[in-house]
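Generate coordinates for the entire structure from the input sequences, incorporating the hints supplied.
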Amino acid sequence: MAQVTTFTTTNIRCVQWHDDYVIYDQLSGDTHVLDEVSGGLICALSKQALSRIELLVTLTALFVEATEPELESYLDGFVEKFELLGLLVSE
Amino acid sequence: MKRPLLTSVLINPTQVLDFNLQQWDLLIRQARRANVLASLADLLDPKIVLIPERALLHLKSAQIHANRFNIALEYEIKCIEKALKDIPIALVLLKGSAYIQAGNNAAKGRVFSDVDILVPEQQLMEVETALVKAGWMTNTLDAYDQKYYRLWMHEIPPMRHLKRQTSIDVHHNILPKTTRKCPDVNKLWACAIKVPERNLWVLAPEDRVLHSAAHLFHEGEFRQGFRDLLDLDRLLKEFSTSDDFWLKLLQRAEALQQQIPLYYALRYSQKIFSTPVPENILLSSKNQVPNRIATLLMDALFLRALLPDHDSCNDQWSGLARWLLFVRSHWLKMPVYLIIPHLLRKAFRRVLGKEQH
Amino acid sequence: MNNKPNSHIASLSKSQLEQTINKGLDFRVGQFNVRLISPVKQLVPHIQHLYGAYDLLANESFIDFHVQIRAPSILRRYIRPQVSFFLDGYAPFKPLPYLQASALFEWGLNWCIASHANEYLIIHAAVVERNGQAFILPGTPGSGKSTLCAALVSNGWRLLSDEMTLLSTYDGKIYPVPRPINLKNQSIAVIKKRSPELVFGQIVNDTAKGTVGHLCPPALSVQLGSSPALAAKLIFPKYKQDAETQLTPLSKSKALLRAAGDCFNYNILGVQGFDSLAELIEQCACYEFHYSNLDEALALFTELSN
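In the order they appear, the protein sequences are chains L, B and W. All residue numbers for the first sequence refer to the working numbering, where the first residue is 1 and numbers rise by one. All residue numbers for the second sequence refer to the working numbering, where the first residue is 1001 and numbers rise by one. All residue numbers for the third sequence refer to the working numbering, where the first residue is 2001 and numbers rise by one.
The set of hints was computed from the structure by calculation and includes no laboratory data. Please note that a few of the clues may not be correct.
[To be verified] Calculated lysine to any residue pairs in the SDA-like style (CA-CA distance at most 20 Å, straight line):
#1 B:K1187 with B:Q1257
#2 W:K2041 with W:P2097
#3 B:K1060 with W:F2065
#4 W:K2094 with W:I2037
#5 B:K1085 with L:Q16
#6 B:K1085 with L:E83
#7 B:K1078 with L:L85
#8 B:K1177 with B:I1340
#9 W:K2094 with B:F1348
#10 W:K2192 with W:A2229
#11 W:K2254 with L:H32
[What the hints assert, rightly or not] Residues from chain B that face chain W, not an exhaustive set, calculated with beta carbons under 8 Å:
#12 L1021
#13 Q1022
#14 L1057
#15 H1058
#16 I1071
Every residue gets a Cβ at the ideal spot worked out from N, C-alpha and C, and that includes glycine.
What follows is the structure, given as structure tokens:
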């Protein structure tokens, strides 16, 4: 069976107030404010590793009217951005 | 010279069991001045030793700083690894960074300002370019300072990361090129040890000791002198649990031409920290020294300069001792025809408030 | 830990005070024991007028900060005289002109606390209290936080600090460090006009921050220097000439980010700093506050604290 790539966060702390998420990166010491969607994803990933499919399912629930290509594109952007920030790693 | 309270406690921590508030007050102050407050905090376990509340707050405050420093250092090293990943060199860490990666006792509670790395001289340009690309920048230096570093020193000018404001010193040897007894850096490379599960290297244990000794006993400024000698004390205690360590150390000192710094390191570590150096080793080290050294004079200077620069540890000669060693360090690093103009220039720039190195 | 003090600094005559400062004046400043040693005569009236209510320490107390103010060199004692601030022999700043000795002492002591007290997350903010509620007022230069703080404190609010909010990482409370309130330029005239009975220290011109003066803290605030308070409001003030008095709720995430940027030691405390700050934000109502009229500002704050 093919190895499924999972995503997980580096060592972070998440705090949520309504639609805002604040993330603390314990290694770099950076503090980030994230919107509802990316914050929600990052916080979920900080609790357990998720595969791409699982992430897409989560996004589908949040963006009810989006098409599949739109969701894939959003997810690609999300992964690229947070890997660059050093908050996300893929295994 | 009277032994400072701080030194007594570092040698024998249980001494504090009998301390009154004045002694705790003085201990904290000496430790802060010597930049070893966090190291002291690590030695004093509040579960075992009753520490007065105020003193405990100062110790904990220093520990918080040191703990955060360790995390930041790990991040910094990862960033350096990433910046240099496309260059096929073994990244050798020096000094504090090395002690931490190698898990040495000398690392405990140690806080320092720069990461020091050793790279081959032929690849300096490549490394510097890669660092600049990843966001580091050479501090603004004038043409003279640039020349000072690139022609004469064993390192390029310090670089600072624009965003993180952290510093990196890139060395190509452990002592300046102009030093009369400059070690053959290839010998250092040949014995470097890989850090398990990382793409990082550190010098062999004997070389770590010799680097620390060479650095300390060529140094002109002794603000970190006590801390650096404490490093040596800890390194020697840790490594001497290996049977052949002492002999290897003596042999290596010959190979790298660092017999004098090693002798000083052993002598002053023993005198100040009572480091258990076997008598025959100390004697052999002295006999290895190629020329005569003015031991009494050096004692008068180093036994003052290597103490914490604090009123309670200094006497009326301490300032002079430090100044003489400052001049000596330049004599060691540079041929005579370069020293006078260099010292004059430094003095002039100090008056103008421009001196940083 | 608590040494029963013999008396306050005010119990010393001027000449006794001068002699004591020469040898070492030991006194309590909020959570900290300070020893001041200085031959600088100018400091004597500063301490006498502004630190009268502070407790003297019993003999053989543990001193947190051994502070010296003296000329940086023999030359500078006489030629264009200067003074340097030393913490136990270490000088963190460049020397200043002799006449700025009192301002240097205040700034230096701020630095001591901000750099050596990591049991607290230290926010660059004024903090005042009324009815058991602490209001934290972070301030960048020009925000008007010091003027607002001085006005509140002159109207019955307790002063915990005008510069540094000490948030304990152990119990989440705000610990006082009441000090003379640092006012600059026009603020001095504004407060003097409103409350002419208030005691000011020496007014120093031509500092790096312009004209600087210090306002004596209320004796009661100094006496309550051991009593922490619970934070209720985090208010970011912004003075702007002719602005309407306006209090606007601020989202907690923005408040956290701004407050983090206003801390002296957020980076040093790491995740502990983040956790403590997040708890503080959770506990406080957070606002932005625009004002130009001090009377209206005071009225609004009184209402908020009822």
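Outcome of the hint check:
{"no.": "1", "hint": "B:K1187 with B:Q1257", "verdict": "holds, 11 Å"}
{"no.": "2", "hint": "W:K2041 with W:P2097", "verdict": "holds, 14 Å"}
{"no.": "3", "hint": "B:K1060 with W:F2065", "verdict": "holds, 16 Å"}
{"no.": "4", "hint": "W:K2094 with W:I2037", "verdict": "holds, 19 Å"}
{"no.": "5", "hint": "B:K1085 with L:Q16", "verdict": "violated, 37 Å"}
{"no.": "6", "hint": "B:K1085 with L:E83", "verdict": "holds, 17 Å"}
{"no.": "7", "hint": "B:K1078 with L:L85", "verdict": "holds, 14 Å"}
{"no.": "8", "hint": "B:K1177 with B:I1340", "verdict": "holds, 18 Å"}
{"no.": "9", "hint": "W:K2094 with B:F1348", "verdict": "holds, 18 Å"}
{"no.": "10", "hint": "W:K2192 with W:A2229", "verdict": "violated, 29 Å"}
{"no.": "11", "hint": "W:K2254 with L:H32", "verdict": "holds, 10 Å"}
{"no.": "12", "hint": "L1021", "verdict": "holds, 5 Å"}
{"no.": "13", "hint": "Q1022", "verdict": "holds, 6 Å"}
{"no.": "14", "hint": "L1057", "verdict": "holds, 6 Å"}
{"no.": "15", "hint": "H1058", "verdict": "holds, 7 Å"}
{"no.": "16", "hint": "I1071", "verdict": "holds, 6 Å"}
Hint compliance for this structure: hints 5, 10 are not met, and every other hint is.
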